Amino acid sequence: DTGVSQNPRHKITKRGQNVTFRCDPISEHNRLYWYRQTLGQGPEFLTYFQNEAQLEKSRLLSDRFSAERPKGSFSTLEIQRTEQGDSAMYLCASSPLAGRQETQYFGPGTRLLVL
Amino acid sequence: AQTVTQSQPEMSVQEAETVTLSCTYDTSENNYYLFWYKQPPSRQMILVIRQEAYKQQNATENRFSVNFQKAAKSFSLKISDSQLGDTAMYFCALGGSRLTFGEGTQLTVNP
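Respectively, the protein sequence lines represent chains B and E. According to this note's numbering, the residues represented by the first sequence are 193 to 307, in order. According to this note's numbering, the residues represented by the second sequence are 612 to 722, in order.
Any given hint could turn out to be false.
Cβ-Cβ distance ranges computed for the label pairs, FRET-style [stated by the list, open to error]: (1) B:Q209 <-> E:N721: 29 to 35 Å; (2) B:R256 <-> E:G696: 38 to 44 Å; (3) B:R251 <-> E:E628: 41 to 47 Å; (4) E:G707 <-> B:R273: 41 to 47 Å.
Please keep in mind that the hints were generated in silico from the structure rather than gathered at the bench. All values derive from a computational prediction rather than experimental measurement. From the three backbone atoms N, C-alpha and C, an ideal C-beta is built for every residue, glycine too.
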C-alpha cells in the first residue's frame, strides 16, 4: 500500500494562469476527496467522487475550479485564471467502499502560490 | 450545517505527561463519525483515532483515547505518556462523506 500521492508537491504560478493538480488514490479506494487548506486553518471540503461520478461539490468550488476522475482511478483538479486568493494547500484523500463512513486517508498535498 | 470548534489554538506538555485536547461539534445527524487527525510539520495528515457516534464505548488506540459525550456534543482527545514525536497540529473532524474540520490545536511536547 503506497498511500495517496499528489503531484506536483509545490506550484508557483502567476495570476491569471491555469494550473492542474493530480491525485492518485490508494489502490481500490473508490471514493476520492479534494480539500483546500489555508495557513492556520483546518481543511475545507471542495468535492468528492465515487468511482468516476462527482457526487458533491462545495459552494467553495467556483466556476474557475473543475475536478475530474475519468476512469475512476486518479483525479485532476484544475484552477483556471488563478487569483492570489487561490494560494493554499490542496489536499486529496481517498477511502474504501461506500456505504457506512470509511476513514479518509490523506495525501501530502500540493502547495499552490499565486503571485 | 455541521460545525466543529476547537477552543485551544495552542497547548504544550512536558514529555511523558498527559494532555487533553478539546473539541465540540454540532450536527443534526444521528449517525455520524468523529475523527482526530494529526498534521506534523511535514504537513501529511494522519489519522489518530476515530469514533462512531452509535458506539457508547470510547475509542482507544495505544496512548490515544477519546472522551465522547454525545449529549454534550463533546469529543476530547487524551494523549498519555506524551512523546516528542507527538508535536503537531491536531484537527478534530466530523463527517459523513464530507469531513468538517475544526481550526486545529498546535500541540508542542517539550523535552
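Hints versus structure:
1. B:Q209 <-> E:N721: 29 to 35 Å: This hint is violated: roughly 44 Å between Cβ atoms.
2. B:R256 <-> E:G696: 38 to 44 Å: Holds: the Cβ-Cβ distance is about 39 Å, inside 38 to 44 Å.
3. B:R251 <-> E:E628: 41 to 47 Å: With Cβ atoms ~43 Å apart, the hint holds.
4. E:G707 <-> B:R273: 41 to 47 Å: violated, 32 Å
When held up to the earlier numbered hints, the structure conflicts with 1, 4 and fits the remainder.
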